[in-house]
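Enquirer: Using the sequences and the accompanying hints, generate a full structural model.
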Amino acid sequence: MIGYIGKRMLSVIPIIFVATLVMFALIHISPVDPAEAYLTAAHIYPTEEVLEQKRHEFGLDQPLLTQYLHMVGRMATLDFGTSYLTNQPVWTEVAARLPATVELALWSMLFAAVVSIPLGIAAAVYRNSWIDMLSRCISYLGASMPQFWLGYLLIFFFSVKLDWLPVEGRGTWQNLVLPVITLSLVLIAVYTRLLRTSVLEQMQQTYVQYARVRGLRERMIMLKHVLRMSMMPLISGMGINLGKLLTGTIIVEQVFSWPGFGRYFVDAIFNRDIPVIQCYVFFAACLFILCNLLVDLVQLYMDPRISSKGRAEH
Amino acid sequence: MIHTWRSAFRGQYAILICSIIIALFFIVALLAPWIAPHSPIKVDLLQKLKGPSMDHWLGTDHLGRDNLTRVLYGARISLGFATMIFLSSLLIGILVGSVSGYIGGWVDSILMRLCEGIMAFPNLVLVLGIVGIFGPGLMQVLLALMLVQWVYYARICRNMVVSLKERHFIAAARISGSSSWKIIRRHIIPNVQRPIIVIGTLEMGWAIMDISALSFLGLGVQPPNAEWGAMIHEGTSYIRSHPELMIYPGILILIVVITFNILGEALSERYGVTRR
Numbered sequence: 001m002i003g004y005i006g007k008r009m010l011s012v013i014p015i016i017f018v019a020t021l022v023m024f025a026l027i028h029i030s031p032v033d034p035a036e037a038y039l040t041a042a043h044i045y046p047t048e049e050v051l052e053q054k055r056h057e058f059g060l061d062q063p064l065l066t067q068y069l070h071m072v073g074r075m076a077t078l079d080f081g082t083s084y085l086t087n088q089p090v091w092t093e094v095a096a097r098l099p100a101t102v103e104l105a106l107w108s109m110l111f112a113a114v115v116s117i118p119l120g121i122a123a124a125v126y127r128n129s130w131i132d133m134l135s136r137c138i139s140y141l142g143a144s145m146p147q148f149w150l151g152y153l154l155i156f157f158f159s160v161k162l163d164w165l166p167v168e169g170r171g172t173w174q175n176l177v178l179p180v181i182t183l184s185l186v187l188i189a190v191y192t193r194l195l196r197t198s199v200l201e202q203m204q205q206t207y208v209q210y211a212r213v214r215g216l217r218e219r220m221i222m223l224k225h226v227l228r229m230s231m232m233p234l235i236s237g238m239g240i241n242l243g244k245l246l247t248g249t250i251i252v253e254q255v256f257s258w259p260g261f262g263r264y265f266v267d268a269i270f271n272r273d274i275p276v277i278q279c280y281v282f283f284a285a286c287l288f289i290l291c292n293l294l295v296d297l298v299q300l301y302m303d304p305r306i307s308s309k310g311r312a313e314h
Numbered sequence: 315m316i317h318t319w320r321s322a323f324r325g326q327y328a329i330l331i332c333s334i335i336i337a338l339f340f341i342v343a344l345l346a347p348w349i350a351p352h353s354p355i356k357v358d359l360l361q362k363l364k365g366p367s368m369d370h371w372l373g374t375d376h377l378g379r380d381n382l383t384r385v386l387y388g389a390r391i392s393l394g395f396a397t398m399i400f401l402s403s404l405l406i407g408i409l410v411g412s413v414s415g416y417i418g419g420w421v422d423s424i425l426m427r428l429c430e431g432i433m434a435f436p437n438l439v440l441v442l443g444i445v446g447i448f449g450p451g452l453m454q455v456l457l458a459l460m461l462v463q464w465v466y467y468a469r470i471c472r473n474m475v476v477s478l479k480e481r482h483f484i485a486a487a488r489i490s491g492s493s494s495w496k497i498i499r500r501h502i503i504p505n506v507q508r509p510i511i512v513i514g515t516l517e518m519g520w521a522i523m524d525i526s527a528l529s530f531l532g533l534g535v536q537p538p539n540a541e542w543g544a545m546i547h548e549g550t551s552y553i554r555s556h557p558e559l560m561i562y563p564g565i566l567i568l569i570v571v572i573t574f575n576i577l578g579e580a581l582s583e584r585y586g587v588t589r590r
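Chains as they are written, first to last, in this note's numbering: chain C, 1 to 314; chain X, 315 to 590.
Hints should not be assumed to be uniformly reliable.
[Said to hold, decoys possible] The calculated DSS-like cross-link candidates involving lysine-lysine, where the alpha carbons are at most 27 Å apart (straight line), are: (1) C:K161 - X:K364; (2) X:K362 - C:K161; (3) X:K496 - X:K479.
Derived from the structure by calculation, the hints contain no laboratory data.
Expert: Dropping the structure here:
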């Protein structure tokens, strides 16, 4: 088991290595000269002399390998350089905006779990009933509705028509309601379907029949046995769907003017603020990789059989 | 009642109905210049923000352009570019996947590590990063989506090739003198058709959503071109007085994407393909 954990943790290293390579390659394939992008963002006229000086400052005149190693070295210490636009260290600016994004993401995950766990179980237990149909409709809607559109629809109904909730901003719980609903619908869609499928699968297992034969009540079987096993795909689903959550925060922060990391990233794209773009992309990749690792370890904890048969099937 | 509804969502009916809807959208997209009643970009400020009338069935927008026309032209961009992304990423994916699986060895491991590296990024984040580095614009968005999507086809193809490579009929084909290219074309591609159809169908839906999301952010299709995401973005300025401006294009995105999703799921059930 220790061996499995160690192996799984080591497997992260080559992926992160390739991810840094992909990012490094992107910046060097790009037709945009970082020195020129810097000068444009800082509103300095790019004469040949200034360009040369900036290129030297960014280390662009050094061999590629040196540049790459330099980049990796800096990233390892959370040094993403200074923003072209504000001349502040990127990481300080990100750290100031990160709590807002984390707040939004955590509340959305919590809300998604609170809605989808009962809904998924009910859809499986009362298979083919109206509640199953409802969960099916929600999952199709969640998967097919553009988030920015949903956000504006909610603004239209609850802020413009009914005037119940604020349109934008952050601070009170009222500000959280609409962004959280917008962001969690897609998660609810995925989690509900995952849970429904896995509960149905578990209910076919022999241990459930045995529990029934022993005369346990249906409710006990459900809560004590089936649910525990059914949560496994849901947990791995959370890891896999982290990407949805991240891109969701970018869109939702834009719609509701939420002062988070995602909005900062979009602003950086418009201004060609390459250090900020680099920081976000790298951060997202690391988060994605680490969450999948964490998910595997949680699964291992819940079902130690995995270490002998390899990664859980899902 | 519920039971018939369920079966309508699955199986033959779903495939048939969804295919018809998608075919209709493609026909509309192709014929937009002939069936649309007005010009999609001609500004007529005297006619701005008018309600539905005989001349403008869905009213006009803030620049007096006909909403129906713009929505029809929007289908052209969304479906057209989604198809382009699908075909090009499929082509790259099949090429890389087959070569990787067929040659094997270090070529295979380098290409597959590259795929894993790309998959380490959440899709849209990498797309946004590429657009950020290369600059906004539809071509950059297309390129970025293509660069991200080929990976999935490459992996399916590669795994299929690896499992087929040792089978007797491939060995027989090779002994009888077929070239590698011919083996890929005649034996490998027909075998990967089903999973590719399923993933391709679902990918069309994602591509349409991604294009509209990027255009909404202002990074994809630039005004005055009619694209659904960009139209929603323009419509949000008039959310208080004319919410219909953002509602029409949104409904169309929803219908198209939901149709692709239902079709993809029905096909995957029918072909017995498990999705990633």
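Enquirer: The structure should be examined with respect to each hint, and the outcome stated for every one.
Expert: Going down the list of hints, with the structure as the test:
no., hint, in the structure
1, C:K161 - X:K364, "21 Å, holds"
2, X:K362 - C:K161, "23 Å, holds"
3, X:K496 - X:K479, "14 Å, holds"
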